[in-house]
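Position one of the sequence shown corresponds to residue 376 (our numbering), numbered consecutively onward.
Read the hints as simulated data drawn from the structure, not as lab findings.
In this text, all values refer to a predicted model and were calculated from it rather than measured experimentally.
For glycine and all other residues, C-beta sits at the position ideal for the given N, C-alpha and C.
Take these hints with a grain of salt, some might be off.
Taking lysine-lysine and the DSSO-like style, the derived pairs with C-alpha atoms no more than 30 angstroms apart in a straight line are [as the list claims (entries may be wrong)]:
#	residue 1	residue 2
1	Lys448	Lys473
2	Lys476	Lys411
3	Lys473	Lys429
4	Lys476	Lys502
5	Lys472	Lys429
6	Lys476	Lys448
7	Lys429	Lys476
8	Lys448	Lys411
9	Lys448	Lys429
10	Lys472	Lys502
11	Lys429	Lys411
12	Lys472	Lys448
13	Lys502	Lys473
Quick list of simulated restraints, FRET-style, between CB atoms [said to hold, decoys possible]:
#	residue 1	residue 2	range
14	Leu392	Pro475	27 to 37 angstroms
15	His493	Lys448	16 to 26 angstroms
16	Pro394	Leu511	25 to 35 angstroms
17	Glu425	Leu510	19 to 29 angstroms
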Amino acid sequence: MVMKHPQILHYSIEDGLRPRINFLRSIGMCNSEILKLLTSLTQVFSLSLEGNLKPKYMYLIYELRNEVHSLTKYPTYLSLSLDQRIRPRHRFLVSLKKAPKGPFPLSSLVPTDESFCHQWAGTSLDKYLDFRERLLPKEFAKNKLRYIYSFPRSTLRCSRVLLLTSVDSNNRTSSLEPIISRFVI
Numbered sequence: 376m377v378m379k380h381p382q383i384l385h386y387s388i389e390d391g392l393r394p395r396i397n398f399l400r401s402i403g404m405c406n407s408e409i410l411k412l413l414t415s416l417t418q419v420f421s422l423s424l425e426g427n428l429k430p431k432y433m434y435l436i437y438e439l440r441n442e443v444h445s446l447t448k449y450p451t452y453l454s455l456s457l458d459q460r461i462r463p464r465h466r467f468l469v470s471l472k473k474a475p476k477g478p479f480p481l482s483s484l485v486p487t488d489e490s491f492c493h494q495w496a497g498t499s500l501d502k503y504l505d506f507r508e509r510l511l512p513k514e515f516a517k518n519k520l521r522y523i524y525s526f527p528r529s530t531l532r533c534s535r536v537l538l539l540t541s542v543d544s545n546n547r548t549s550s551l552e553p554i555i556s557r558f559v560i
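Build out the structure end to end from the sequences listed, making use of the hints.
So this is what it looks like as structure tokens:
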């Protein structure tokens, strides 16, 4: 485990390792499943509980309709981006009416975008990329803008170029510059 993820030596047991193990237990994983998950994906120790593990777990259960035990078969799920890979692929298959009625196949999240389009969506990569481009600004606006008010001013100065556009309630792109400039002195 240390060879795969040497940073583990720097983690606090009380603040880093134990909370993640306790979280995995709290969602119904037994010790053998936790061990299997952690030995195959040691980076779980470096993932944020609130910003990463919990949202992905909630999406796995409530949107993808999978069981927690599917994480032992596809631990890679936890390493994938919820906003950049998991949610766009799931919603794309739903929009095409190609998502299964039962649990969503986590194996569809692993291949490259091109392979995903060919094997799972039966469509072109361009069609998927267009869909994802339309989806991401909406997700960005919903998930990221609420944090603007809590950024320190120095962070806003550094992040100013990253926060370029938003999507308003009518799905029109609008500039964030006026919002950001109010907070940067």
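Status of each hint after checking the structure:
no.	hint	result
1	Lys448 with Lys473	holds, 22 angstroms
2	Lys476 with Lys411	holds, 28 angstroms
3	Lys473 with Lys429	holds, 27 angstroms
4	Lys476 with Lys502	holds, 23 angstroms
5	Lys472 with Lys429	holds, 27 angstroms
6	Lys476 with Lys448	holds, 20 angstroms
7	Lys429 with Lys476	holds, 24 angstroms
8	Lys448 with Lys411	holds, 9 angstroms
9	Lys448 with Lys429	holds, 18 angstroms
10	Lys472 with Lys502	holds, 15 angstroms
11	Lys429 with Lys411	holds, 19 angstroms
12	Lys472 with Lys448	holds, 25 angstroms
13	Lys502 with Lys473	holds, 15 angstroms
14	Leu392 with Pro475: 27 to 37 angstroms	holds, 36 angstroms
15	His493 with Lys448: 16 to 26 angstroms	holds, 23 angstroms
16	Pro394 with Leu511: 25 to 35 angstroms	holds, 30 angstroms
17	Glu425 with Leu510: 19 to 29 angstroms	holds, 23 angstroms
Every hint, counting from the list given before, is met by this structure.
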